[in-house]
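First to last, the sequence lines map onto chains A and Z. Read in order, the letters of the first sequence are residues 1 to 86 in this note's numbering. Read in order, the letters of the second sequence are residues 1 to 587 in this note's numbering.
Keep in mind that the hints are not guaranteed to be accurate.
[What the hints assert, rightly or not] So the derived list for chain A, only partly shown, Cβ under 10 Å to chain Z, looks like this:
(1) Tyr10
(2) Ile34
(3) Gln57
(4) Tyr70
Note that these hints are calculated values from the structure, not bench results. Cβ coordinates follow ideal geometry from the N, Cα and C atoms, glycine included.
Now for the letters of each chain:
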Amino acid sequence: MEQTSNRADYWRANLRVLFGCLAVWFLVSYVFGILLVDLLNQIHLGGYPLGFWFAQQGSIFTFVVLIFFYAWRMNTIDKKFGVAED
Amino acid sequence: MDLQTLIYLVVGATFVLYLILAVVARAGTTSEFYVAGKGINPILNGMATAADWMSAASFISMAGLIAFNGYSASAYLMGWTGGYVLLAMLLAPYLRKFGKFTVPEFIGDRFYSNTARVIAVIALLVISLTYVIGQMKGVGVAFSRFLETSIEVGLFAGMGIVFVYAVLGGMKGITYTQIAQYVIMIFAYTVPAIFISLQLTGHFLPQMGTGAMLTDGSNQYLLQKLDLVLSDLGFSEYTATPDLMNTFLLTLSLMIGTAGLPHVLVRFFTVPRVRDARKSAGWTLLFIAILYTTAPAVGAMAMWNTLKTVQNTDQIGAPEGNLLYAERPDWMKNWEITGLLQFEDKNGDGRIQYYNDDNEAFAAMAEEEFGWQGSELYVDRDIMVLANPEIADLPNWVIALIAAGGIAAALSTAAGLLLAIASAISHDLLKGVFMPNISEKNELMAGRISMTVAIIVAGYLGLNPPGFAAQVVALAFGLAASSLFPVLMMGIFSKRMNKQGAIAGMLSGLSITLLYIFWYKGWFFIPDTNMLPDNAENWLFGINPTSFGAIGAAVNFIVAILVAKMTTPPPHEIQELVEEVRVPRAS
Chain A
1 MEQTSNRADY WRANLRVLFG CLAVWFLVSY VFGILLVDLL NQIHLGGYPL GFWFAQQGSI
61 FTFVVLIFFY AWRMNTIDKK FGVAED
Chain Z
1 MDLQTLIYLV VGATFVLYLI LAVVARAGTT SEFYVAGKGI NPILNGMATA ADWMSAASFI
61 SMAGLIAFNG YSASAYLMGW TGGYVLLAML LAPYLRKFGK FTVPEFIGDR FYSNTARVIA
121 VIALLVISLT YVIGQMKGVG VAFSRFLETS IEVGLFAGMG IVFVYAVLGG MKGITYTQIA
181 QYVIMIFAYT VPAIFISLQL TGHFLPQMGT GAMLTDGSNQ YLLQKLDLVL SDLGFSEYTA
241 TPDLMNTFLL TLSLMIGTAG LPHVLVRFFT VPRVRDARKS AGWTLLFIAI LYTTAPAVGA
301 MAMWNTLKTV QNTDQIGAPE GNLLYAERPD WMKNWEITGL LQFEDKNGDG RIQYYNDDNE
361 AFAAMAEEEF GWQGSELYVD RDIMVLANPE IADLPNWVIA LIAAGGIAAA LSTAAGLLLA
421 IASAISHDLL KGVFMPNISE KNELMAGRIS MTVAIIVAGY LGLNPPGFAA QVVALAFGLA
481 ASSLFPVLMM GIFSKRMNKQ GAIAGMLSGL SITLLYIFWY KGWFFIPDTN MLPDNAENWL
541 FGINPTSFGA IGAAVNFIVA ILVAKMTTPP PHEIQELVEE VRVPRAS
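So here's chain Z without its partners, still in its complex pose (with noise of 0.2 Å):
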């Protein structure tokens, strides 16, 4: 069977799939469609989570980011999981004891406010619509890569296949695809790469592969091996740990700002009792740690792969280290195709050159010893997961398999974060505040409708995204560690905080973290409008705009308690709440 044929096969079975089971878990109360009926076993509720969690970035760009980056990507290694840490511990037992539907309303309640209510309402809308789109996109993309469709058409079937099972199914719908779609996601993602390990290292957990010797015969590890080749080509070390500063900042913005994602943390509302609440975040980290532990070696081993199969690295600087053009092989050629790897013959010698011509020093001397007129080959670091099994040489059924992975990781996450969007409005907005009378059925007719609509937004963004894509994860996560982390933690961890303190906090941090990100990156991300060049001389300290989140977590937590001390406590009934909500069994 020829490789399209397989893919339509492997790709069309998934979506039946994901229909049967959006038909079987249909919604049928407002408790079904929010937090699907709040009956989900804690270790379904971990693989749900964490493909909610799961993005196409991280499916199908972080082993490709770590791969270019080496040590410098661990912010996004650390910053991602760690967040679980302060999820488990600081708000999801906590929230899932408050026993309600969204996030906002938890902020609602506890600061006695509609005004703190619906703050929580537009920073969710902005965290999870920004989101969404990267999503949206993902899906597109992921559908005309192997499907051979173009974006629309592919954008279009992902939109259609989420609207039947988010809108029909709720919550619940969503968390039984989900586990469905983490399961395909994560096979997807390790089969390739045990294999790629095997062939390279001899063993059999990627893993343990990254920090093992190479099985080429040259009695080198293979970390040492792509320091010394990365090095010898004019790139920094793969080991090197420049900036720490940042690095630390980026692992506290990104961990602060997963554990205020109000997708993420509207999960653990869907589990019984407080104590799957807890349990259910350590099975979540368990499922994302399988993919983020294979990641790295993924990376390492792409990058190794790559390096070793243009260059010859025991002769560098030699005519014939370099790999003819017209010898390449096969993976080269079909990914060419997608002009996703570009080769250009600088100096017309026929090899392909691959080095570090940023680095002025060595690309002056290889053009003087070896002729060498810049680097010749592009590599998209995408490629680096999607073209891992013609790599390897593995068999098509897995090339078709990374197909379906990486689309069920764009649809699992498009489906949390619309959920999240359309929750927000029928609950918060038309229930909580301006229609309090409606009915439980018309609400959940609201819902579906907020979810119909979310979803032709999402669509129309990610078919006309608005020219930042690649800042709105940033951008995200630095508003969910600025807003909505520090209200949260401080509503349940100090009876002191009332609604005065939680309204300026969240509207400090949001708006400084705005300003920061907006001032390098332009207003709106509006090219050409930053008041101050994106570099490192010209940050404030020195700190990366994408670092900025902790920044405007302290600024939001300061603020609140300062605005708390000098306003009066919250009434005794909320201070009573903040003692029920602390304990797990109901009084």
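Pulled out of the complex, with its shape left as it was, chain A reads as follows (with noise of 0.2 Å):
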């Protein structure tokens, strides 16, 4: 009964950081780089207009901090649950 309780606990510890990481996910790709990108454009980060960097570059940088930080909190609450790999 333990263990069943205990792995419920994991998996909603797991899709809240899940969830999180999917907010930032559609924020910085369809939010940033296509819903408001007319909007951000009339801000400049250099030569490049917001919305078009973030459709072109800031969003793939953005993905590729996420997978990271995913996998380094999945360990923390792996561990956290004892449910790590030896």
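Combine the two chains into a complex, taking the hints into account.
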């Protein structure tokens, strides 16, 4: 019984990290890179209009950071719940 | 040493390297053949996956796509990278925990159904075969252009090399060659980009250079100048943002499709542990991002180089503003020979006019005021990468490197796809469904035979492409998004999802996507069999068939959930399996 509830808690913790990461994923690509692109293009980052920069550079950098963050965060959660691999 | 000899030497050296790796890393067991014995270091697997993923199209065509479409090409950049976020968080670690050999195997076990497994195999075969045709063609084209052979000879040489290391080495051999191919590919791509960025903007990093000021004394930013000159020539601005709805949908379709591609997923079966699978996805995307964030720079800078070569941008409309054909630079002469660059002196003034003659208002004005009779320069978008070293006056060894890089990009992706096809046949169909009692030794032999047959079929299709080469990318991604991704995800995230739901979901997602694509592109892409003209007025709610995969995926999810609700829940041991897959530690 205890193992079951532990597993359920672990899964919920995983889902929380997951939703957080996917929210950022959606924000930098779909919101900043597409939906709000015209608005953000009013602002400039050097010669890059900001929306354009998110669509062709910024979103990709963010994706890389997101995956490493997820991997690191899940490792700590794995350890906390005692389900890490040896 | 002349250029041709140098290219032969460099490409030849890479082939010798691949063959040595193939002999060193040959596979002795089915586990080594299918998943490299699950012993690949996550960083090395990241490199191999990046090479597996980045095809001839990524290497040769993407920068050109960006050059000619500007912002509108962003869907490809975000779509083909953002998919790895989904893959890393929704699929890869769980599929690795499941710990078997193939993607259809997971679907078959999780949905306790050979029918589901066979449907997944069919989807995999259609996706991978359509995809591999383009790669084989890419190998042929890369060979013929650089080694001055015919496309056929190039294709046979490519088939021969893949045959040796894929059949002999299986996943293990493919992995080590892909690592080498990644290094060659990324070096070949970034070196010319760095030099061009230095020349145009003084920035070492092309990613910075794109957003920087031109060093030609104009005091203008590169992108600003591009916007200005392109609109002066009747094109839309480089950073203009038309049709955001289809950009959104295409990005989503490409992301979901990427995460559902079997030849990419299976690469995450090759690392030792669940946490390696997560980390490896990060390394993969980092290695991909090096090329994908350089591509926009290559695109923008190549576009600018082309424009300013033929047009004095301060004198648009003045006769002397255009380059005299007789004074064109050497790189233009070289690429004219290949037909990828063409000039036709429509108004007979001996000068090159390049502008948007599809823009009727601008074309009429240009004829009236400048005496222009139509755009006179045709530039194939593939030149943007291939001619880069010549445009930037780089030494010959860089050109040789681009040749080796292009061939490496096509070979590495072809090998990965062929392995996915071979494993689906020998492991899922033979071992899984038709001959469950086959011995390991015979299964390994069957895997090698399937690989050989797959290479021959792919080679044949590469020589006789079914006439829809340009459409296949849309098809492959649309199908991967609408068939495999949703059931894989539901198989992990929903304990309630059952056999009936998964089968109904895959079939409905697949068929509605195929139907929508065929409706506008023609049945089986046969010309003139389309039911409605393929343009925005006729598309359902304005949805481009290329962007439809996301809708197909949504249909798959909805149908699967509804059907599962109305039918019996999966048996207890399957729910246990899902519990098992969700935690890293084996219990």
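Hints versus structure:
1. For Tyr10(A), the interface hint holds, the least distance from its beta-carbon to any beta-carbon of chain Z being 6 Å, beneath 10 Å.
2. Checking Ile34(A) against chain Z: minimum C-beta separation of about 5 Å stays under 10 Å; hint holds.
3. With a cut of 10 Å, the hint placing Gln57(A) at the interface with chain Z holds, because the nearest CB-to-CB distance is about 6 Å.
4. At its closest, the beta carbon of Tyr70(A) sits 6 Å from a beta carbon of chain Z; the interface hint therefore holds under the 10 Å criterion.
Of the numbered hints stated above, none is contradicted by the structure.
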